[in-house]
Amino acid sequence: MSFYFADADNFYVRETNTTRTSFEFKAPKRGCYNLLFKAYMGKEGTVSLNVTRLEG
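So for the sequence shown, my numbering puts the first residue at 4; every next one is plus one.
Some hints here could point you the wrong way.
Stated by the list, open to error - Estimated spans, in silico, between C-beta atoms of each pair:
hint	residue 1	residue 2	range
1	54	24	15 to 21 Å
2	58	22	29 to 35 Å
3	58	24	27 to 33 Å
4	27	47	20 to 26 Å
5	27	49	17 to 23 Å
6	52	22	25 to 31 Å
7	23	58	26 to 32 Å
8	56	23	21 to 27 Å
9	57	22	15 to 21 Å
10	23	54	16 to 22 Å
11	56	22	14 to 20 Å
12	25	58	32 to 38 Å
13	49	28	29 to 35 Å
14	24	55	18 to 24 Å
In short, the hints are calculated from the structure, not lab data.
Note that CB positions come from ideal geometry on N, CA and C, so glycine has one too.
Start from the sequences and build out the full structure, keeping to the hints where you can.
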């Protein structure tokens, strides 16, 4: 499984062919909030991605 986290300007995390089935990454602060990304690999190759806005 490969994970790529990026915005319009930069790749922040690029991890290819990892054996992990979950990944968590907090994007650099923009304005007054951060975004927290959580990706999970499920059964039969499905992937879930949760994005949470962190205030402060």
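Evaluated hints:
Checked against the given bound of 15 to 21 Å, the beta carbons of residue 54 and residue 24, roughly 18 Å apart, stay inside it. In this structure, residue 58 and residue 22 meet the distance hint of 29 to 35 Å, their C-beta atoms being roughly 34 Å apart. Hint check: residue 58 to residue 24, Cβ distance near 29 Å, so the stated range 27 to 33 Å holds. As the Cβ distance of residue 27 to residue 47 is approximately 22 Å, the hint placing it in 20 to 26 Å holds.
Restraint check, residue 27 to residue 49: a C-beta distance of roughly 18 Å satisfies the suggested window 17 to 23 Å. Distance hint check for residue 52 and residue 22: the Cβ-Cβ separation is about 19 Å, which falls outside the suggested range of 25 to 31 Å. Against the hinted window of 26 to 32 Å, the Cβ-Cβ separation of residue 23 and residue 58 comes to about 28 Å, which satisfies the hint. A hinted range of 21 to 27 Å for the beta carbons of residue 56 and residue 23 is consistent with their spacing of about 24 Å.
A C-beta distance of roughly 28 Å is found between residue 57 and residue 22, which places it outside the suggested range of 15 to 21 Å. Range check, residue 23 to residue 54: about 19 Å between beta-carbon atoms, so the 16 to 22 Å window is met. As the Cβ distance of residue 56 to residue 22 is approximately 30 Å, the hint placing it in 14 to 20 Å is violated. Hint check: residue 25 to residue 58, Cβ distance near 24 Å, so the stated range 32 to 38 Å is violated.
About 20 Å separates the C-beta atoms of residue 49 and residue 28, a value inconsistent with the hinted range of 29 to 35 Å. For residue 24 and residue 55, the hinted distance range of 18 to 24 Å is satisfied, since their beta carbons lie about 19 Å from each other.
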